[in-house]
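All chains, full assembly: derive it from the sequences and hints.
Here the protein sequences line up with chains A and B, keeping their order. Number 73 in our numbering belongs to position 71 of the first sequence; there are no gaps in the numbering. Number 301 in our numbering belongs to position 239 of the second sequence; there are no gaps in the numbering.
Keep in mind the hints are simulated off the structure, nothing from the lab. Please read these numbers as outputs of a predicted model, since none were measured by experiment. C-beta atoms are modelled at their ideal positions from N, C-alpha and C, and glycine is treated no differently. Accuracy of the hints is not assured; some may be wrong.
[Said to hold, decoys possible] Where chain B lies over chain A, by a calculated footprint (3+ residues, C-beta under 8 Å):
1) 45 to 59
2) 113 to 126
3) 225 to 236
[Unchecked claim] Computed, partial: chain A to chain B, Cβ under 10 Å:
4) A94
5) L95
6) L103
7) P107
8) Q108
9) A152
10) R153
11) T194
12) G208
13) L212
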Amino acid sequence: MRPWIATALTASTLAAGWMWLTLSGVVSDLFLPPPRELWDALLDLLQNGYKSRPLWEHIADSLIRVFTGFGLGAAIGTLLGLLMGYLPIVDALAAPFVEFLRPLPQLAYLVLLIIWLGIGETSKITLLFLAALPVSAVAARDGVRNVSQARVRVAQSLGASEWQIFRHVVFPSALAEIFTGARLAVGIVYGTLIASEIIAGTSGIGWMILDAGRFLRSDYVFVGILIIGFMGIALDRLLLAAEARWVHWAGRL
Amino acid sequence: MHDWRSLALGSLSVATGLIVWYLIGALNLVSTDLLAGPADVWAALVDILHNGYRDTTLAQNILATLGRCLAGFAAAAMLGVPLGLWMGLSRMADAAINFVIQFLRPLPPLSYLVLLILWFGTGDLSKIALLFMGAFPTITTAAMAGARQVSAQRIQAARSLGATPRQVLFFVVFPASLSTIFIGLRIALAGAFSSVVAAELMAASDGLGWMVFSASRFLRTDIILLGIILLGLFGMGLSRTLVVIDNRLIHWRGRE
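Below, the structure written as structure tokens:
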């Protein structure tokens, strides 16, 4: 048996199981919509949007939040991490806060942000910023720390200045880990986004899923989950492509 | 830098943070409704330890959160590690199962929480199912990657010495993949801890996440901050525990 046959077998078993469960009435449409209904819901969302907003607007709203929060958090976090890796004193001062923030569930401080900044975009973007910051900082710090000392010495003995060493030796070596951190951060930001839209929102894909859930429209919920899944994969691919372009030497040193 | 110096600087920076936090309240820079001071948070802790919070004790809330988190995580680890190892060793298993796992993996757990609540109700079952589904793909993928990178020479060496497939699995493949498995376990546990709080915000009647969310309705920033600090400490504790177990268990790391 060839491997693809195994893939096809599981896929068709799952599809057949889904159809049998829904069409025979064993499971109510409320819990698991049949394929046909899912397709209709997708077409309906594409044509009429959800709650008087077109579907692309919900997607765009979510993406803008992700990119702004992640962009700010990753940029500042990376900067902080590079400093932490380079200057032990910055590391000692900042490490307690970064280490505390990193494992802290993001939703725990969302309520505080809502009290401070309201339920608008500011609190959501601040939340995503805080979610991306510690992961990026730790990745950049470890990246700087793992730079091979032999290379730094070679550059030094060839007469490179401190800045030249940073610009041409340390930063490029750390870039691979910075990208790994960025991919982790996107995953966390993306998961947090859904949460922030669920707790306080009027637009976005996460909000659409919860709102549809309230009205027991599980067909919309399923379509929303599929959209979120594909958007997540696309985001990760985008970062992988950027990494392949800018850190083409990763894993080939 | 010496360890004690960085420890001293770290404590100094935490102390400065506490003083700034205290001064913000003491100098009335921000209303205490918006940001309770350190003294208020301490008072809230003492009060909750004595009287509990809305008919729940602090210990009960902590145990509820940790219990859910560990139950979902343990179930995912017990199923994910063997499945991942199997997928790493057998191309058939990989082809049959991997695409389902890789579809689940990038999904933010909260996106399907609505469905799980619909299916399993608002009780503990839907939360544990949520944590399980969040942790399971990560752990399985890590175990699979671990089993794949075991050197073929070692497996062949064990085989040529007459090891049975079972012995190869338990004494060669499993120990050699442990390091990678632990990376997956750490990522999964951090994710589960985040998700459990989110789930408690949506539907629960106990747990630290519920306490924080319930306090926010009454603008009790002292209780919110107390909850955040406790969650941060437990989050750090959970991840440290795994690191310690990891180092104990894989005592041969870096000495191969």
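Hints versus structure:
Coverage of a stretch by a chain is defined here by at least three residues with a beta carbon nearer than 8 Å to that chain's beta carbons; for the segment 45 to 59 of chain A and chain B the count is 0, and the condition is violated. Figure legend: the segment 113 to 126 of chain A, annotated as covered by chain B; annotation consistent (5 residues with Cβ-Cβ distances under 8 Å, at least 3 required). Residues of the segment 225 to 236 of chain A with a Cβ under 8 Å from some Cβ of chain B number 6, which satisfies the need for three, so the listed coverage holds. Given hint, A/A94 at the interface with chain B, holds; its Cβ is 4 Å from that chain's nearest Cβ, closer than 10 Å.
A cut of 10 Å between beta carbons decides the hint on A/L95: the least distance to chain B is about 4 Å, and the hint holds. Hint on A/L103 holds. Least Cβ distance to chain B is approximately 7 Å, under the 10 Å limit. Taken as an interface hint, A/P107 checks out: its beta carbon lies about 4 Å from the nearest beta carbon of chain B, inside 10 Å. About 6 Å separates the beta-carbon of A/Q108 from the nearest beta-carbon of chain B, less than 10 Å, and the hint is met.
Against a cut-off of 10 Å between C-beta atoms, the interface hint on A/A152 is violated, since the closest Cβ of chain B lies about 18 Å away. A least Cβ separation of about 21 Å between A/R153 and chain B goes past the 10 Å threshold, and the interface hint is therefore violated. Nearest Cβ of chain B to the Cβ of A/T194: about 8 Å, under the 10 Å cut. The hint holds. Satisfaction of the interface hint for A/G208 is found here, the shortest Cβ-Cβ separation to chain B being roughly 7 Å, below the 10 Å cut-off.
For A/L212, the interface hint holds, since its Cβ comes within 10 Å of a Cβ in chain B; the closest pair sits about 6 Å apart.
Figure legend: structure checked against the earlier numbered hints; hints not met, in rising order: 1, 9, 10.
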